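Could you put together the complete structure from these sequences and hints?
Below, each chain spelled out in residue letters.
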Amino acid sequence: MSQKPRTLFEKIWDLHVVKQREGYPDVLYIDRHFIHEVTSPQAFAGLRKRGIKVFNPSRTTATADHNVPTLNQHLPIREELSRHQVETLKKNCEEFGITMYGLGHPYQGIVHIIGPELGLTLPGMTIVCGDSHTSTHGAFGAIAFGIGTSEVEQVLATQCILQHRPKTMRIEINGKLGKGVVSKDIILYIISKISAGGATGYFVEYAGEAIRNLSMEARMTICNMSIEMGARGGLIAPDDTTFEYIKGRKYAPQGEAFEKAVEQWRQLATDEGATYDKVLQFDASDIAPMITYGTNPGMGIKVTDRIPTVEELKDINEQTSFRKSLEYMGLEPGTPLLGKPVDYVFIGSCTNARIEDLRMVASIVKGKKKAGNVEVWIVPGSKQVEAQARAEGLDKIFEEAGFQLRQPGCSACLAMNEDKIPAGKYCISTSNRNFEGRQGPKSRTFLASPLMAAAAAITGRVTDVRELV
Amino acid sequence: MSKEKFITLKSTAVPLPIENIDTDQIIPARFLKATTREGFGENLFRDWRYDSEGKPKPDFVLNDPRYKGKILVAGKNFGCGSSREHAAWALADFGFRVVVSSFFADIFKNNALNNAVLPVTVSDEFLNKALRTIEADPSTEITVDLENQTITLADGSSETFDINPYKKTCLMNGYDDIDYLLSLRDEIRNYELTHS
Ligand code: SF4
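Chains as they are written, first to last, in the working numbering: chain A, 1 to 469; chain B, 1 to 196.
Quick caveat, the hints were computed from the structure, so don't treat them as lab data. Bear in mind that the values here come from a model prediction, so they are computed numbers and not experimental data. Please note that the accuracy of each hint is not assured.
Calculated cross-link-like contacts (lysine to aspartate or glutamate; reagent style EDC-like; alpha-carbon spacing at most 20 angstroms) [claimed, not checked]:
id, chain 1, residue 1, chain 2, residue 2
1, A, 324, B, 162
2, A, 11, A, 26
3, A, 425, B, 125
4, B, 33, A, 22
5, A, 442, B, 59
6, A, 53, B, 125
7, A, 167, B, 38
8, B, 33, A, 400
9, A, 420, B, 187
10, A, 442, B, 51
11, A, 425, B, 162
12, A, 314, B, 125
13, A, 425, B, 47
14, B, 168, A, 87
15, A, 368, A, 400
Here's what the structure looks like:
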């Protein structure tokens with residue numbers, strides 16, 4: 001046992017290095033590759049141009065999510081370019097022998113929701129997808145990160161990718177969360193503390209009591225937004241909560257194989273004495289329901305706080321972007337957000353569209369009606385989430401509250417389909433990005449948890465959910 | 001597949017002194033529906049460049065005839081946000097070969113390099129100086145020397161920048177990553193056989 005103590009990240013990385021060479025990036029083997037319609041067509045075109053096949057088609061899974069409509073999915077996609085992209089994916093998958101869960105399939109959904117749901121995402125794996133929120137899968141104790149299309153082509157062609165080993169960061173959240181505070185608040189809080197670029201160059205491991213106490217779905221929300229502070233990815237060491245979640249899922253090892261796998265997965269923890277390049281600690285009791293006011297996810301406050309003033313900014317260089325951002329949002333420095341009327345409520349995305357998120361929303365809106373001034377869109381993350389929500393009668397609760405459970409897809413998270421927030425309108429959203437125009441040209445986004453979004457749906461304004469629970 | 005080689009570049013530059021320029025600004029999601037790599041330059045910085053009727057906004061720098069060139073000089077934390085390579089395609093398609101900033105998002109940096117767009121990271125001071133110099137004289141030229149890893153302004157002030165030696169070799173020779181990985185296919189097969 002002379003080996004030096006290693007972090008969880010280092011253990012998984014080391015196991016996947018096919019080749020290491022001085023001055024070159026590591027050649028990393030990829031266990032699981034997910035693809036979708038937007039970032040894959042040019043990669044397949046590249047393979048065709050080189051005249052090569054997919055190296056190991058069984059390790060790639062496809063779904064259609066970014067462009068798909070969330071109503072009437074049984075009809076052909078109306079928008080021509082979207083339809084063409086989805087059809088191109090289907091053709092590419094057929095030609096190259098890749099399993100695809102397209103529209104209408106009971107497993108279709110947002111790529112980062114269906115992977116875990118189907119047991120395709122497992123501890124100790126390396127996982128990539130041409131999508132930055134691939135970090136979601138890190139919740140299982142996997143190295144998962146987003147890649148560009150040239151890299152998608154690399155993985156299709158060789159099942160490997162060239163990567164420099166990132167630095168490591170440990171973020172501990174100690175203690176217990178207060179009432180009305182959920183995992184989305186933890187991650188919005190962390191990003192507000194360290195800024196939207198604060199973890200660039202790092203791979204983050206989340207730890208501490210507050211993280212351990214979270215369900216798998218809540219952990220996915222945290223890892224999902226790692227990218228919003230610039231991190232390559234985020235991961236959480238697997239434990240009984242993880243194994244319990246995986247057990248019995250479609251592609252997970254079954255029976256004896258599962259027991260054996262669990263034994264191995266238990267080794268996936270950071271060794272005593274291993275070091276990180278950076279360690280941050282926060283206290284869960286300091287976290288409150290959060291909301292963003294600006295146009296990057298680091299611009300967040302506790303819902304009861306004021307928007308900072310220009311003078312309060314830590315970095316003087318940020319003043320121009322801060323002013324520009326508030327102007328875009330139509331907000332004044334130094335004013336509160338609480339009570340601000342909203343026009344739309346979007347509950348969806350790979351951050352918060354799993355069954356627990358829908359249950360959270362139902363817990364707030366049950367027996368109540370949505371406010372007259374808001375339009376509410378609730379978009380499940382997958383067909384399986386949708387089916388489960390119906391089985392539990394959540395769709396009825398939503399209907400009684402005055403809104404409809406739609407069909408799965410990315411929807412207003414990035415507004416590539418028809419679900420766009422109109423110019424100038426305010427939307428409280430459970431998604432992950434509040435960038436200018438992200439939810440539609442000139443749309444204005446407040447990021448928050450499903451509980452906070454549900455509260456705003458009922459009152460029609462930014463509300464501290466703790467007043468309703 | 002070989003790409004255009006990059007050794008040195010001397011060009012006028014376009015200033016864009018805005019921080020945290022995210023990939024949704026570089027190329028809004030609604031323009032990601034193409035299935036080829038070409039033509040994204042038209043929609044580069046679309047929502048800053050054109051109004052809702054598609055008319056160029058005169059106050060945006062790409063619509064300002066004084067500023068031209070193959071170098072974009074942008075504020076800190078350039079390229080944050082999504083992994084869409086379309087952002088790099090749009091910059092390359094528009095004609096940029098270099099982006100200068102004091103900080104780049106990770107995925108963007110990789111995507112840019114994979115498309116022969118060189119991200120040059122400089123200090124905040126150098127960045128500010130470069131921006132002031134260009135704004136004072138739009139015809140001023142900046143020289144980026146990849147071999148020596150230097151960036152030099154017209155007044156001779158210069159800074160060195162970092163680049164991974166592997167990526168440097170690729171850019172200078174016009175190679176790409178897939179060529180290298182494909183040469184390792186036997187080793188990869190062997191890894192698969194011994195690791196599952
Ligand atoms: S839901 Fe949003 S963030 Fe997630 S994969 Fe879709 S577009 Fe990307």
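Hints versus structure:
no. : hint          : in the structure
1   : A:324 / B:162 : 31 angstroms, violated
2   : A:11 / A:26   : 14 angstroms, holds
3   : A:425 / B:125 : 38 angstroms, violated
4   : B:33 / A:22   : 39 angstroms, violated
5   : A:442 / B:59  : 18 angstroms, holds
6   : A:53 / B:125  : 49 angstroms, violated
7   : A:167 / B:38  : 35 angstroms, violated
8   : B:33 / A:400  : 37 angstroms, violated
9   : A:420 / B:187 : 47 angstroms, violated
10  : A:442 / B:51  : 11 angstroms, holds
11  : A:425 / B:162 : 43 angstroms, violated
12  : A:314 / B:125 : 18 angstroms, holds
13  : A:425 / B:47  : 17 angstroms, holds
14  : B:168 / A:87  : 38 angstroms, violated
15  : A:368 / A:400 : 8 angstroms, holds
In this structure, the earlier hints numbered 1, 3, 4, 6, 7, 8, 9, 11 and 14 are contradicted, and the remaining ones agree with it.
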